[in-house]
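Produce the complete structure using the sequences and hints provided.
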Amino acid sequence: MELVVLGAGPAYSDQPGSIGSAYLVREAGEAVLLDLGQGAFPGLASTFEPSGLRGVFISHLHPDHFIDLIPLRHYLCRAEFQPTRRLRVLAPPGLDRRLDATYDLAGFAAAAFDFEPLAAGPWEAGRFTVEARRVRHAGESFAFRVATSGWPGPGLVYTGDCVDPEGVRPLLHPGDALLAEATFGPGPVPAGMPHLDGPTAGRLATSARAGALFLTHLRMSCDPDETARAAAEQYDGPVTVVRPGDRLAI
51 MELVVLGAGP AYSDQPGSIG SAYLVREAGE AVLLDLGQGA FPGLASTFEP
101 SGLRGVFISH LHPDHFIDLI PLRHYLCRAE FQPTRRLRVL APPGLDRRLD
151 ATYDLAGFAA AAFDFEPLAA GPWEAGRFTV EARRVRHAGE SFAFRVATSG
201 WPGPGLVYTG DCVDPEGVRP LLHPGDALLA EATFGPGPVP AGMPHLDGPT
251 AGRLATSARA GALFLTHLRM SCDPDETARA AAEQYDGPVT VVRPGDRLAI
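Take any residue in the sequence shown, count from 1 to its spot, add 50: that is its number in my numbering.
Please keep in mind that the hints were generated in silico from the structure rather than gathered at the bench.
Glycine included, every Cβ here is placed at the ideal spot set by N, Cα and C.
Among the clues, some could well be false.
[Unchecked claim] Using C-beta positions, here's what the derived DEER-type ranges look like:
#, residue 1, residue 2, range
1, D273, P172, 29 to 39 Å
2, G171, P288, 28 to 38 Å
3, R219, E283, 14 to 24 Å
4, G144, P244, 10 to 20 Å
5, G157, R253, 26 to 36 Å
Have a look at this one:
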């Protein structure tokens, strides 16, 4: 499998070119998408034909993880395709209403998307098995493990946004790559903030015997190099702070 980082940014940033969370996982001509935050659609459209996605998995209902479903909807519904193409979107309940509200138009999202309410457990999406697990962040929030169906090799575990690494731990198999939010960089996480930092992600990678640690979603003012060093103090495997355009073998 290959992980293509379309976006790795937080909800807001002072960095030109910052793009919200969006991660394409592909294998042998098929792909699934984990989140689609602000500014991520152009990278998706230039990397993989969006109408060919086997599924779009949304971790939680914060706009920096789903708002570019709007340009994706336009792409599927307008002149590019006649008739409209459709995509399967698996997300916490209520995403359709939030998208409809942006245009004040009932059925806006359903014109292109077939919504399925996420629940814990495995989901089949083409050649992929995506296992979802509830985590603590905001409302219904999920972490995911993506693997190729029937293949015993390593998978990719994506934390989404979460406050408790132990909620993610049951998804991880030895050798899996861990894509972990590290919103608060080298740490610490302020009390009451439902996020992780680099050292916490490093400890999780060590306890799970992960094969690699990919850090993402750093907040504005957090230094990527300091964050990677702080994570590496807790984990002796490879540590990478991912950026849009990165292509990483799993």
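Within 29 to 39 Å or not, the Cβ separation of D273 and P172?
38 Å, holds
Mind checking the hinted window 28 to 38 Å against the Cβ distance between G171 and P288?
Holds - the Cβ-Cβ distance for G171 and P288, about 30 Å, lies within 28 to 38 Å.
Within 14 to 24 Å: is that where the Cβ-Cβ distance between R219 and E283 falls?
Cβ of R219 to Cβ of E283: about 20 Å, so the range 14 to 24 Å holds.
Assessment of proposed distance window 26 to 36 Å (beta carbons of G157, R253)
The hinted range 26 to 36 Å is violated for G157 and R253, with Cβ atoms some 46 Å apart.
10 to 20 Å was suggested as the range; check whether the CB atoms of G144 and P244 agree with it.
Given about 19 Å between the Cβ atoms, the range holds.
In summary, the structure is inconsistent with hint 5 from the numbered list given earlier, while agreeing with all the others.
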